[in-house]
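Student: So the chains spell out like this:
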Amino acid sequence: MRLFLSKRSDDSLMKAFAKGNAQAFNELYGRHKDALYRFLLRASPSQTIAEDLAQETWAAMIKRSANYQPQGYFKTWLFTIARHKLIDLLRSQNYRINDASQTENDMDTLVAEPRGSALSELTVWRLLAKIKQLPSEQREAFVLKEEGFSLLEIAHITGAEPETVKSRIRYARTRLRNDISISKEVV
Amino acid sequence: MSEQEDRTLSELYQQAEEVTSPQHLDDNVLAMAKLHAEENRAKPWFQVWNYSAIASACVVVIALSMVFIQPNTEQTLNEELWLMSPEGRSEQSSSAVPSPDAVSESVSLQASPRPSSEQSSFAAPSPSASAKAVSSVGAVSLRAVPASLNVAEKTVQMERKQEIIAASPESYLGGIEQLIKENKLADAHLRFNEFASQYPNLAQFQNNAYAIKKLKNTNMSAKHVRDELSANRDSSRLMGFADESDVAEVSTEESELSTATSAKSKSLNKTPEQGELQQRVNAIIHALSSVSKIPQ
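Chains as they are written, first to last, in my numbering: chain A, 1 to 187; chain B, 1 to 296.
Take these hints with a grain of salt, some might be off.
Some residues of chain B that are not near chain A, with every Cβ distance over 12 Å (derived) [to be verified]:
id: 1; residue: A16
id: 2; residue: T20
id: 3; residue: L25
id: 4; residue: M32
id: 5; residue: A37
id: 6; residue: S52
id: 7; residue: A57
id: 8; residue: V67
id: 9; residue: A152
id: 10; residue: K184
id: 11; residue: L277
id: 12; residue: A287
Taking lysine to any residue pairs in the SDA-like style, the calculated list, with each CA pair at most 20 Å apart, reads [claimed, not checked]:
id: 13; chain 1: B; residue 1: K34; chain 2: A; residue 2: N67
id: 14; chain 1: A; residue 1: K85; chain 2: B; residue 2: N40
id: 15; chain 1: A; residue 1: K33; chain 2: B; residue 2: Q198
id: 16; chain 1: A; residue 1: K33; chain 2: B; residue 2: N28
id: 17; chain 1: A; residue 1: K63; chain 2: B; residue 2: E39
id: 18; chain 1: A; residue 1: K75; chain 2: B; residue 2: L25
id: 19; chain 1: B; residue 1: K34; chain 2: A; residue 2: G20
id: 20; chain 1: A; residue 1: K63; chain 2: B; residue 2: K34
id: 21; chain 1: A; residue 1: K33; chain 2: B; residue 2: Q23
id: 22; chain 1: A; residue 1: K15; chain 2: B; residue 2: L35
id: 23; chain 1: A; residue 1: K63; chain 2: B; residue 2: T20
id: 24; chain 1: A; residue 1: K33; chain 2: B; residue 2: L25
id: 25; chain 1: B; residue 1: K34; chain 2: A; residue 2: K166
id: 26; chain 1: B; residue 1: K34; chain 2: A; residue 2: Q23
id: 27; chain 1: A; residue 1: K63; chain 2: B; residue 2: R41
id: 28; chain 1: A; residue 1: K166; chain 2: B; residue 2: D6
id: 29; chain 1: B; residue 1: K184; chain 2: A; residue 2: G20
id: 30; chain 1: A; residue 1: K33; chain 2: B; residue 2: M32
id: 31; chain 1: A; residue 1: K33; chain 2: B; residue 2: E39
id: 32; chain 1: B; residue 1: K34; chain 2: A; residue 2: E27
id: 33; chain 1: B; residue 1: K184; chain 2: A; residue 2: K75
id: 34; chain 1: A; residue 1: K75; chain 2: B; residue 2: D6
id: 35; chain 1: B; residue 1: K34; chain 2: A; residue 2: A18
id: 36; chain 1: B; residue 1: K181; chain 2: A; residue 2: N67
id: 37; chain 1: B; residue 1: K34; chain 2: A; residue 2: R64
id: 38; chain 1: A; residue 1: K63; chain 2: B; residue 2: D27
id: 39; chain 1: A; residue 1: K15; chain 2: B; residue 2: R7
id: 40; chain 1: A; residue 1: K166; chain 2: B; residue 2: R7
It should be emphasised that the hints constitute simulated quantities derived from the structure, not laboratory data. Note that beta-carbon positions come from the ideal geometry of N, C-alpha and C, so glycine has one too.
Input sequences plus hints: build the corresponding full structure.
Tutor: Have a look at this one:
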């Protein structure tokens, strides 16, 4: 699949797609598909669920493309849809993200092949596992921050105040630092 | 210290960033998008305008045309009155194709002696002027009148016509003559009936004219029988259908009828004190009765 990126804004591409231009969607998809998939993969219990959620998110975005109001926040809008899909799924299936046993079972799907030094690979693996064990609000705030969103954008996506988002990120990092240091000591 | 540890966390996270969306997910999403784009592709206007939209547009156009092209009864009435006026007739005759008969008729109408008081009393209603007159006389503006005339409107119209007939019977008769000349006999009948309702004394000429016509027809039939008999006298005698006495009887009846006809005609011709007016009425009655029966 050949996806080439142009300098057109996300809003103009969405407008073109709403008028029936499939190539515009290809460009949009190429820009945001990996970031969205990563977010869902970090936040959802398993890779299968993450793939399903990603497909549902893009399907919802396609369905709502005609009503999209171009305000320069396409990525925020897309991740908001993804977060709502994730919350709906977790509520419907009564997932418990903090369930360590399930997290450990899915842990092998998070990192395909370890690269680099053995210590670094193991640390990354542990980090991703600890991210899964974070509370959902802290986890999504931390992942979104690492995906490049600002505090205001994360606040918009999660529906929380920017200060709250800032606190959640701080708590998440503190917890992860402690866990990683513990793991280092263990290792 | 914490900032450095945060950077370390971010670096570790970025090391696991190589994850990309699976190929089958890309294929599914792009297939969905392509299908949606084809459905949403802008259609030409003639495809967007389906048949129901075209039909509804036609209905709207027809309804609007019926509303705006509805005949104005007031205008029709005014035009009718204008045609009955001397100016209207002269204008109509001048605008029509000039045939010699029409020219002579219009000249005779214009040259006919007419009292000046009648001419001045009858103001020629132009379409605009008569509209004002109708509004003032009927006390109801006919501009607000709907298409179907109700009883009040008909009464106003009848009063208006009676005013015109009373103001200038000559011009009204001229209008009837014009209609006869244009071979519009049905309209002429209607106009004459209106005239007769206004002038019952003049209308009795209608009956007299019938009597004259009947007498003349009888006279003509008697003459026809006499000619036949005279031509076939010998054969009639031979066949026993007629003899000299029959012929003599027919001749006697013929002479009686012709005498009665002439007497009646003389008596009728003596009556008109109105002179020319009655002669014109007679001519109209004759013209109308020569084609068809005058409606009573």
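Student: Which of the stated hints cannot be reconciled with the structure, identified by number in ascending sequence?
Tutor: 1, 2, 3, 4, 5, 14, 15, 23, 25, 29, 31, 33, 34, 36 and 39
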